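Model the placement of chain L on the given structure of chain C, informed by the hints.
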Amino acid sequence: MRLTVFVVLLAPIGLAGQGLPVVAKPAIAAPKSWAPARTADGQPDLQGVWTNPTLTPLERPPEFAGKEFLTEQEAADYVKRLLQQVNSDRRDGGTQVDVNRSYNEFWRDRGNALVADRRSSLIVDPPDGKIPQLTPEAQKRVEESRKWMQEHATDGPEGRSLAERCISWTTAGPPMLPGPYNNDTQIVQGPGYVVILNEMIHDARVISLDGGPHADQNIRAWKGDSRGHWDGNTLVVDTTNFIGEYSFRGSDANMHLTERFTRVSPDMIQYEFTVDDPTAFTKPWTARIPFNKTTERVYEYACHEGNYAMTDILAGARAAEKKK
Amino acid sequence: MPKQFPSSLLNAIAAVLFVAAMPAVAQNQPYKAPRTADGKPNLNGIWQAMNTANWDLEGHSAQAGQVVALGATGAEPPGIGVVEGGEIPYLPAAAQKKKENYANRLKLDPEVKCYLPGVPRATYMPYPFQIVQTGKVILISYEYDGAVRTIYMDNPGPAPVDSWMGWSAGHWDGDTLVVDVTGFNDTSWFDRAGDFHSDMLHVVERYTPVSAGVLNYEATIEDPQVFSRPWKISMPLYKHLEKNAQLLEFKCVEFVEELLYGHLRKQPGK
Numbered sequence: 000m001r002l003t004v005f006v007v008l009l010a011p012i013g014l015a016g017q018g019l020p021v022v023a024k025p026a027i028a029a030p031k032s033w034a035p036a037r038t039a040d041g042q043p044d045l046q047g048v049w050t051n052p053t054l055t056p057l058e059r060p061p062e063f064a065g066k067e068f069l070t071e072q073e074a075a076d077y078v079k080r081l082l083q084q085v086n087s088d089r090r091d092g093g094t095q096v097d098v099n100r101s102y103n104e105f106w107r108d109r110g111n112a113l114v115a116d117r118r119s120s121l122i123v124d125p126p127d128g129k130i131p132q133l134t135p136e137a138q139k140r141v142e143e144s145r146k147w148m149q150e151h152a153t154d155g156p157e158g159r160s161l162a163e164r165c166i167s168w169t170t171a172g173p174p175m176l177p178g179p180y181n182n183d184t185q186i187v188q189g190p191g192y193v194v195i196l197n198e199m200i201h202d203a204r205v206i207s208l209d210g211g212p213h214a215d216q217n218i219r220a221w222k223g224d225s226r227g228h229w230d231g232n233t234l235v236v237d238t239t240n241f242i243g244e245y246s247f248r249g250s251d252a253n254m255h256l257t258e259r260f261t262r263v264s265p266d267m268i269q270y271e272f273t274v275d276d277p278t279a280f281t282k283p284w285t286a287r288i289p290f291n292k293t294t295e296r297v298y299e300y301a302c303h304e305g306n307y308a309m310t311d312i313l314a315g316a317r318a319a320e321k322k323k
Numbered sequence: 000m001p002k003q004f005p006s007s008l009l010n011a012i013a014a015v016l017f018v019a020a021m022p023a024v025a026q027n028q029p030y031k032a033p034r035t036a037d038g039k040p041n042l043n044g045i046w047q048a049m050n051t052a053n054w055d056l057e058g059h060s061a062q063a064g065q066v067v068a069l070g071a072t073g074a075e076p077p078g079i080g081v082v083e084g085g086e087i088p089y090l091p092a093a094a095q096k097k098k099e100n101y102a103n104r105l106k107l108d109p110e111v112k113c114y115l116p117g118v119p120r121a122t123y124m125p126y127p128f129q130i131v132q133t134g135k136v137i138l139i140s141y142e143y144d145g146a147v148r149t150i151y152m153d154n155p156g157p158a159p160v161d162s163w164m165g166w167s168a169g170h171w172d173g174d175t176l177v178v179d180v181t182g183f184n185d186t187s188w189f190d191r192a193g194d195f196h197s198d199m200l201h202v203v204e205r206y207t208p209v210s211a212g213v214l215n216y217e218a219t220i221e222d223p224q225v226f227s228r229p230w231k232i233s234m235p236l237y238k239h240l241e242k243n244a245q246l247l248e249f250k251c252v253e254f255v256e257e258l259l260y261g262h263l264r265k266q267p268g269k
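The listed protein sequences derive, respectively, from chains C and L.
Letter 232 of the first sequence, counting from 1, is numbered 231 in numbering that gives the first Met the number 0, and no numbers are missing.
Letter 172 of the second sequence, counting from 1, is numbered 171 in numbering that gives the first Met the number 0, and no numbers are missing.
Simulated from the structure, these hints should not be mistaken for lab results.
Owing to the predicted nature of the structure, the values given are computational and were not obtained by experimental measurement.
Beta carbons: idealized from backbone N, C-alpha and C, even for Gly.
Misleading hints may appear alongside valid ones.
Unchecked claim - List of simulated lysine to aspartate or glutamate pairs, DMTMM-like, C-alpha gap at most 25 Å:
id, chain 1, residue 1, chain 2, residue 2
1, L, Lys250, C, Glu157
2, L, Lys39, C, Asp44
3, L, Lys265, C, Glu157
4, L, Lys242, C, Asp215
Unchecked claim - From chain C, some residues computed to sit far from chain L (all C-beta separations above 12 Å):
id, residue
5, Leu57
6, Pro61
7, Gly65
8, Asn103
9, Pro125
10, Pro131
11, Thr134
12, Glu143
13, Ser144
14, Arg145
15, Lys146
16, His201
17, Arg259
18, Gln269
This is chain L alone, in the form it adopts within the complex:
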């Protein structure tokens, strides 16, 4: 039999091991988000994605922009991609349409016309958005085009009508806010690269606090008319910590009037 260690020494070693192990143990614990007054994970704040998903959900190289006059300011920045598995699983006909969308993106992208962004695109546009959370509804106000959606936490039933921003029903899955979004029209895009959907689109979003000031955002996208299977994007969302952070107004409607109606202007002398 091995010589028995004095128990006091064992205790001392155990104590050292325990202390040493603590940080590792803490790291293995799931992050416990701050709570709202009613005990739910507190998602309130002004958030923004920090990626180029709005240019192209899939991985992409930098490239020249579409408008010569904009030079470097209009060029497309590169991105590692946010699609799980790398590629969006288009059905063959839809893959062809995506190509055409891409080729004509300057003309067809709803963002160019200042149309409402839809979901999930609203989340990763290069503008902040604010979550205002209550027990019964969670409202998300997006700076881009003043887009807004109400997430009903009390099962609002099926979408009464199709819309750009869809019909959002939310519930909590542990510390994750899960939002089931239906009732889309077929007119929004997912990005500036022509990725699109039909009015059969169904999106399930998951917002999970993962550390102070960071939410993990996932969206599972299902549309049997366009994709061969459901697919998923994920990305972190970062909280704006500026003391005076606030959503400002970006009503782009006024900025696209020349683009949309300029050709219908009265010509001088006529």
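Isolated chain C (complex conformation):
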């Protein structure tokens, strides 16, 4: 076959909310008696391909401060406005903006709705819908890192984000968040294991359910070390051993992540994660994101193999220096 998929790397475009339009597809409440089918070896069946785009932002926007849920009218207005703001097919912004919009709607997979209950943030705890304040040490670390990245943005690969380096995407996690595209996740359950495969960027977590301890704490990984167990019909995945540079919204190597997957209907998994990292955040925080069933398959995202952007960014910077 001669078809080839070219991987294009998305330059960091600061889109605040990556969800999409109008009122979320109303989730049909599953009858109370509904329970997931079982796999051949008796696990509640979470298998299939799931997708999590939503327009609901992770953190509550200031305009909705104190308002945990939106009314139908507020939600409709908000969605309309969001879709207008983020629409990269608009041609009304002048040259520079136009260039930034070249990664246009063709690529985007933001969904077109808020979460079904019209909650104004994906964060459900703390109640203000905001990521808790960083500890003073974490604030210092994050600020220093931000400054360093800014000053060394084109000096070498380390000045680019982990995503642009094709090392790790914070939307692929763990924990998983809606991203601008490639939001599909495949779950496979074999005897004693659950695999969570993110299309972004071909990251598979093979999670043992044997109840054993985490890997030695010297063994660090970008995806951490995940162990799972069942709490009734809920899959609970406990992840530690992160590499410190994998900073999820300010987290450090001590992040203890708990993810909960509950299949609440044939077509939806309620996904919830709690970040507990006392050296980074002043208190734990929790977000909840619906994963909807899709008939799509997960395809290969060969990010590093197609990373022409890194070469071009650095070569461009060197060429610019010569001109000076």
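Frame of chain C; chain L shown alone:
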């Protein structure tokens, strides 16, 4: 007429012969693999090849490595070869290209750049991989570079797009998992010796449990642009039996940044 043996004696002899023959009979029976809950041969586990096929599929002597500083740690270990018949049947032009690949292997081998390994190379790289088996899909997660592939057991149709790891359709042939892999791009290699293929590559893999903890692995490789006929490799795959065996993370992307982008770094003082 010969004197008739007492039947009781005959029975006794028969019994002795039967008992004596049992182990031999058992050895002639095909190995019956443990089953999954849905009755299929259970291939679940963490597996690894124990050979030097990733250095060179064909038989090869030990030799010095390509990087002087690595000394003995970078030297190439010898190997008896895994190609049926010994040699890969290259077409003439392709044989020339293989030679060039070999000569420039340090520069051209996709493994050096931490690119996805393709199939069958993923199977015999010096890293473990894990098979997670269900009725509809069988997922293989490879430690090297976090490579992963989904084998669809329900006929997924033709490959929708070319990729590094290909498009895998599986079925059972008795106790053998047969995987038909198509939809490859032309960029992966079979080993560090420059053995290569085009985007016409078609691989048929066979995974057969042959004893507790051992799978026999065969791959038939077909590519009319590169080879004069289909050819086959085979090797055992061994199961990791460590109690705490698990796939760890080998994201080599970070480890090759200096190699790939180092020449583009900002130079001090500029």
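Each hint tested on the structure:
1. Lys250/L x Glu157/C: holds (16 Å)
2. Lys39/L x Asp44/C: It holds: about 19 Å lies between the C-alpha atoms, which stays within 25 Å.
3. Lys265/L x Glu157/C: Answer holds: Lys265/L to Glu157/C is near 12 Å, not above 25 Å.
4. Lys242/L x Asp215/C: holds (14 Å)
5. Leu57: Check passes; 25 Å lies beyond 12 Å.
6. Pro61: holds (37 Å)
7. Gly65: holds (42 Å)
8. Asn103: It holds; Asn103/C is separated from chain L by about 21 Å at its closest Cβ, greater than 12 Å.
9. Pro125: holds (32 Å)
10. Pro131: Given a closest Cβ separation of 28 Å, the condition holds.
11. Thr134: At about 27 Å from chain L, Thr134/C clears the 12 Å cut-off, so the statement holds.
12. Glu143: Non-interface label stands for Glu143/C: nearest chain L Cβ at 20 Å, farther than 12 Å.
13. Ser144: holds (17 Å)
14. Arg145: holds (19 Å)
15. Lys146: holds (17 Å)
16. His201: Not fine: 6 Å to the nearest Cβ puts His201/C too close to chain L.
17. Arg259: Nearest chain L Cβ is 21 Å from Arg259/C, so the label holds.
18. Gln269: holds (23 Å)
Comparing the model with each earlier hint shows a violation of hint 16 alone; every other hint is respected.
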